[in-house]
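There are 2 protein chains.
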Amino acid sequence: MKIDPKHPRALSLQNREKLVWGVKNGITSPAGLIAFGRGEAFDYLLSERTQPFAKKAIRAAAAYLLLAKKPILSINGNSAILCANEFIRIAKLLNCRIEVNLFHYSQSRVKKIESLLKSLDPERVLISKKEEKIILPEIASKRAIVMREGIGNSDCVLVPLEDGDRCQALVKMQKKVIAIDLNPLSRTAKYAQVTIVDNICRCLPLLFREIKDLKNKDKRFLEEIINSYDNNKIINEALRAICAKLDDTL
Amino acid sequence: MKIDPKHPRALSLQNREKLVWGVKNGITSPAGLIAFGRGEAFDYLLSERTQPFAKKAIRAAAAYLLLAKKPILSINGNSAILCANEFIRIAKLLNCRIEVNLFHYSQSRVKKIESLLKSLDPERVLISKKEEKIILPEIASKRAIVMREGIGNSDCVLVPLEDGDRCQALVKMQKKVIAIDLNPLSRTAKYAQVTIVDNICRCLPLLFREIKDLKNKDKRFLEEIINSYDNNKIINEALRAICAKLDDTL
Chain A
7 MKIDPKHPRA LSLQNREKLV WGVKNGITSP AGLIAFGRGE AFDYLLSERT
57 QPFAKKAIRA AAAYLLLAKK PILSINGNSA ILCANEFIRI AKLLNCRIEV
107 NLFHYSQSRV KKIESLLKSL DPERVLISKK EEKIILPEIA SKRAIVMREG
157 IGNSDCVLVP LEDGDRCQAL VKMQKKVIAI DLNPLSRTAK YAQVTIVDNI
207 CRCLPLLFRE IKDLKNKDKR FLEEIINSYD NNKIINEALR AICAKLDDTL
Chain B
7 MKIDPKHPRA LSLQNREKLV WGVKNGITSP AGLIAFGRGE AFDYLLSERT
57 QPFAKKAIRA AAAYLLLAKK PILSINGNSA ILCANEFIRI AKLLNCRIEV
107 NLFHYSQSRV KKIESLLKSL DPERVLISKK EEKIILPEIA SKRAIVMREG
157 IGNSDCVLVP LEDGDRCQAL VKMQKKVIAI DLNPLSRTAK YAQVTIVDNI
207 CRCLPLLFRE IKDLKNKDKR FLEEIINSYD NNKIINEALR AICAKLDDTL
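In the order they appear, the protein sequences are chains A and B. My numbering numbers the first residue of the first sequence as 7 and each following residue consecutively. My numbering numbers the first residue of the second sequence as 7 and each following residue consecutively.
With the rest of the complex left out, here is chain A:
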């Protein structure tokens, strides 16, 4: 379908087309389309723009990632289709790796996403190897399969479009978890240290810029950002923004 770039919801429509293409080519799972739709609804309720609470979360996320000894970016089918390039740019800036991690797991899908990332930058993606795989405890889905040298040994994980189970398990393992989730009511939103309630396509470029801005700041400066950050407050601001949008319509 041809999308008029002047359409008020062009970004959303273009993303839909990308995902449908992703399903046809075995990169996105069909259930990923449903998850995308849920996100669309929340994005609509957030007026489809990056709100102040998301900007504060992005700043805290940048500080966490810069302070981490071994940060890693987790990527799934939807995030790869929607913004693989942004992942590569952020991974380069942080000098870290990207690991494919799927809820609707299949080896073929993992390989396809790894190839997609490799075609953009051969260095940044952690290619899965059987002997490197470990199973994280307390995760019911195949999200539990991770690589020792990747999420396994990491101390800070960026988890966009995550499921609640794994987010909770990663936090329990003492990892710092930065989630990108449009639903401020989700378990992921609740359990992550930092929850960016925003559309992944809008917030990743902002996260990149924030990391760049903070990269040369000293440790104390970054710690101060983290110490003054309150994720519960951010979630509440997101909930209030949705209410305000609904109130406007009343």
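Possibly wrong hints are sitting among the right ones.
Note that the list lumps identical chains together, so a pair holds whenever it fits in one copy or between two copies.
[As the list claims (entries may be wrong)] Derived lysine-lysine pairs resembling DSS-like cross-links, with alpha carbons at most 27 Å apart: (1) Lys196 x Lys12; (2) Lys148 x Lys12; (3) Lys117 x Lys221; (4) Lys223 x Lys62.
If you are wondering where the hints come from, they were derived from the structure by calculation, not from laboratory data.
Fit chain B to the known structure of chain A by using the hints.
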């Protein structure tokens, strides 16, 4: 994927599986999965239950359908996959037909949905014929393609999971439009005479029962239901219910 029937969200998970199956078999469009996801998000915000405002809308819908001279049920890929049987039961009760009408139109999909309905009841579905097709004005999508003997000449249309464009056009053509839409902010919700803000799988059995209850009432009784019904009020109640849910979390 096997779904535990005791899972708190079993209905939602079963429906997801049905839709994914529908895509694989060419009945549902991939974009239908995204639309389903949007609905899921709103259903979640409505606590996944039929709320009092939806019950009032269902009653008004039953009255409109019973008062109509030529009611018709419009069905698309998602609604066919999720509740074809309920459409048949309601069409039988009203002695009316079901017409397939698709946003992501393809002849093959129309045929497949017609076959699915025919296999359940050979009488109820209006089989599309080239010479019967007309194009409704002011509808940009292929939703404009309808049959003269179906939606074309109808005076009351049940449009579940509708797009705003067509809803508006049908209302403009003086038809009574009953929409089922989980998003109380949508154009469909706004323009329909009656908007049932509820999950289609929950509200169709209730609509069936309501039609059955009202079937033997006289015309004045039904008119009284319609006259005392205020769709704007219903929409506002739906918006307030979502706000209340968000407030609970704050």
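Going down the list of hints, with the structure as the test:
| no. | hint | result |
| --- | --- | --- |
| 1 | Lys196 x Lys12 | between (36 Å within a copy, 24 Å between copies) |
| 2 | Lys148 x Lys12 | between (41 Å within a copy, 21 Å between copies) |
| 3 | Lys117 x Lys221 | neither (32 Å within a copy, 59 Å between copies) |
| 4 | Lys223 x Lys62 | within (17 Å within a copy, 59 Å between copies) |
Hint 3 from the earlier list is the only one contradicted by this structure; the remaining hints agree with it.
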